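Q: Spelled out, the chains give:
2 protein chains.
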Amino acid sequence: MEGVMLINGVRSSGLDAMDRGLHYGDGVFRTLKAVAGEVRWWEDHFRKLADDCAALSIPCPDRELLEAEVREIAAGPGVGVVKIIVTRGIGQRGYAMPAEAAPSRIVSGFPFSGRENRDVRVRWCELRLSHQPKLAGIKHLNRLENVLARSEWDDADIAEGLLLDEAGRVICGTMTNLFIVEQGGLITPDVSGCGIAGVTRSRIMHAAVQHGQTASVEPISRERLLAADGVLLCNSLVGIWRVAELGQKRWPNSGWAGKLRNWLDENN
Amino acid sequence: MEGVMLINGVRSSGLDAMDRGLHYGDGVFRTLKAVAGEVRWWEDHFRKLADDCAALSIPCPDRELLEAEVREIAAGPGVGVVKIIVTRGIGQRGYAMPAEAAPSRIVSGFPFSGRENRDVRVRWCELRLSHQPKLAGIKHLNRLENVLARSEWDDADIAEGLLLDEAGRVICGTMTNLFIVEQGGLITPDVSGCGIAGVTRSRIMHAAVQHGQTASVEPISRERLLAADGVLLCNSLVGIWRVAELGQKRWPNSGWAGKLRNWLDENN
Numbered sequence: 001m002e003g004v005m006l007i008n009g010v011r012s013s014g015l016d017a018m019d020r021g022l023h024y025g026d027g028v029f030r031t032l033k034a035v036a037g038e039v040r041w042w043e044d045h046f047r048k049l050a051d052d053c054a055a056l057s058i059p060c061p062d063r064e065l066l067e068a069e070v071r072e073i074a075a076g077p078g079v080g081v082v083k084i085i086v087t088r089g090i091g092q093r094g095y096a097m098p099a100e101a102a103p104s105r106i107v108s109g110f111p112f113s114g115r116e117n118r119d120v121r122v123r124w125c126e127l128r129l130s131h132q133p134k135l136a137g138i139k140h141l142n143r144l145e146n147v148l149a150r151s152e153w154d155d156a157d158i159a160e161g162l163l164l165d166e167a168g169r170v171i172c173g174t175m176t177n178l179f180i181v182e183q184g185g186l187i188t189p190d191v192s193g194c195g196i197a198g199v200t201r202s203r204i205m206h207a208a209v210q211h212g213q214t215a216s217v218e219p220i221s222r223e224r225l226l227a228a229d230g231v232l233l234c235n236s237l238v239g240i241w242r243v244a245e246l247g248q249k250r251w252p253n254s255g256w257a258g259k260l261r262n263w264l265d266e267n268n
Numbered sequence: 269m270e271g272v273m274l275i276n277g278v279r280s281s282g283l284d285a286m287d288r289g290l291h292y293g294d295g296v297f298r299t300l301k302a303v304a305g306e307v308r309w310w311e312d313h314f315r316k317l318a319d320d321c322a323a324l325s326i327p328c329p330d331r332e333l334l335e336a337e338v339r340e341i342a343a344g345p346g347v348g349v350v351k352i353i354v355t356r357g358i359g360q361r362g363y364a365m366p367a368e369a370a371p372s373r374i375v376s377g378f379p380f381s382g383r384e385n386r387d388v389r390v391r392w393c394e395l396r397l398s399h400q401p402k403l404a405g406i407k408h409l410n411r412l413e414n415v416l417a418r419s420e421w422d423d424a425d426i427a428e429g430l431l432l433d434e435a436g437r438v439i440c441g442t443m444t445n446l447f448i449v450e451q452g453g454l455i456t457p458d459v460s461g462c463g464i465a466g467v468t469r470s471r472i473m474h475a476a477v478q479h480g481q482t483a484s485v486e487p488i489s490r491e492r493l494l495a496a497d498g499v500l501l502c503n504s505l506v507g508i509w510r511v512a513e514l515g516q517k518r519w520p521n522s523g524w525a526g527k528l529r530n531w532l533d534e535n536n
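Protein chains in written order, with this note's numbering: chain A, 1 to 268; chain B, 269 to 536.
Bound-form chain A, shown alone (with noise of 0.2 Å):
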């Protein structure tokens, strides 16, 4: 990796050792779209990140600190994409947290170097995701599971890997969220008991009901999944990429990606 970086707001590329970040994953984090100089959604990025950091008790970092530094990194040559890390920081050795908590920002700029807003094709991933509700949904930095599930393949043709959770439902892919379109309507696994709510998930179901869509929870299944009359993968990265392939199953046009992808772009 390469890039610009601000550690605790002083340009830095150097993270204390005994951050609890490293030691136990003990943070969150973000991943926003830079595009000239400006990232996209912050006020969603940052409402996630301070509700993620509730969640495991991390204080959050001030939200005006923050914005300045995530726009000077943004601001930066190239920079298309920037990432945040918010750690618990650094403590006594071993699980207890801290009583007072001095959490480490870690703000980095990178070029955007992924397939935006594409056809792709996927496959199953072979790993289940594991049965977590204390830390389902939260974008922790304890992501071993979605490693293990990215090495299952190297074939650069496939753009993404669908994993399942224990039950046998389909929760999303290894970094984006997932949904089904069926008779018209959107759908998309509940992710309280594994996986991420992702900001562009929220921003997609909220869009559609906008415009007069339905868009729901519900266990999908593969074979509700092979049945559907579309399928499409989400981050803030990739946008909308609409999923053309899955082993023999292939999937014409929905319409659903184009007009999800205008809806987002009206609310930038």
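If you're looking for bench data, these hints aren't it; they were derived computationally from the structure.
Remember, it's a predicted structure, so these values are computed and weren't measured experimentally.
It cannot be assumed that every hint is accurate.
[As the list claims (entries may be wrong)] Derived lysine-lysine pairs resembling PhoX-like cross-links, with alpha carbons at most 25 Å apart: (1) A/Lys139 - B/Lys527; (2) B/Lys402 - A/Lys134; (3) B/Lys517 - B/Lys527; (4) B/Lys407 - A/Lys134; (5) A/Lys249 - A/Lys259; (6) B/Lys402 - A/Lys139.
[As the list claims (entries may be wrong)] Label pairs and their computed distance ranges (CB to CB): (7) A/Ala167 - B/Arg492: 41 to 51 Å; (8) B/Ser280 - A/Ala68: 21 to 31 Å; (9) B/Ser522 - A/Leu226: 35 to 45 Å; (10) B/Asp330 - A/Val209: 39 to 49 Å; (11) B/Glu368 - A/Asn117: 25 to 35 Å.
Where a beta carbon is used, it is the ideal one built from N, C-alpha and C, also for glycine.
Add chain B to chain A, keeping to what the hints say.
A: Showing chain B alone in chain A's frame:
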């Protein structure tokens, strides 16, 4: 936390903030007891470190190199604990493992402030360990479950919290492995679905068998634990804790804790 540290062999306290150990908890760790400059059970710890690295496809550091670093840190004044972290190092942004990982080694030393070989009071934790066979047994850096479980109490008289899996089976403490004593034999839970397969746990099982005792891996319900003749907790730092109290339950000393402490010392 305070202490001395070697990062990739260099005296430093700063880790590259792009390290995957921070971003994803993509690494493993070990905590070793150091007494008078010597670390205990180095062979076992290195073997487990190598196994854990292999399980995550992280190239394990060279044994002689790491041993020299561990010895250097252990020789520091007042060092009673040596912690080794090995991460997948720095990679591109994203979950995909780098094609050629250059792992990071962080070796740090601390005073030992814990309580070794004591009688302790413990409690039940509310958090249930999630089932993830791809990660179970490995001492990896995704430790938010332990952090959340440890945050359930702050009564200094309670030394440890006991954790169940989702099926209600007793698995371990937040930082210890667990044994029960029944009719003169030792029983410890299976850790192939969650929990960590600790070095002290292995050594206890080995020592018991060497001394003609039985040591088996079996499911342990809450009721079975409460009906047992004794409950023991262990790790490389605290040695063997005898559980004296759990809620209203009191256990008299079955004599096993003392025996096992002696047996472990024999094989230092």
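Q: Now, for every hint given, state plainly whether the structure supports it.
A: Hint by hint, here is what the structure shows:
no.: 1; hint: A/Lys139 - B/Lys527; result: violated, 46 Å
no.: 2; hint: B/Lys402 - A/Lys134; result: holds, 20 Å
no.: 3; hint: B/Lys517 - B/Lys527; result: holds, 23 Å
no.: 4; hint: B/Lys407 - A/Lys134; result: holds, 20 Å
no.: 5; hint: A/Lys249 - A/Lys259; result: holds, 23 Å
no.: 6; hint: B/Lys402 - A/Lys139; result: holds, 20 Å
no.: 7; hint: A/Ala167 - B/Arg492: 41 to 51 Å; result: violated, 27 Å
no.: 8; hint: B/Ser280 - A/Ala68: 21 to 31 Å; result: holds, 29 Å
no.: 9; hint: B/Ser522 - A/Leu226: 35 to 45 Å; result: violated, 57 Å
no.: 10; hint: B/Asp330 - A/Val209: 39 to 49 Å; result: violated, 57 Å
no.: 11; hint: B/Glu368 - A/Asn117: 25 to 35 Å; result: holds, 32 Å
Hint compliance for this structure: hints 1, 7, 9 and 10 are not met, and every other hint is.
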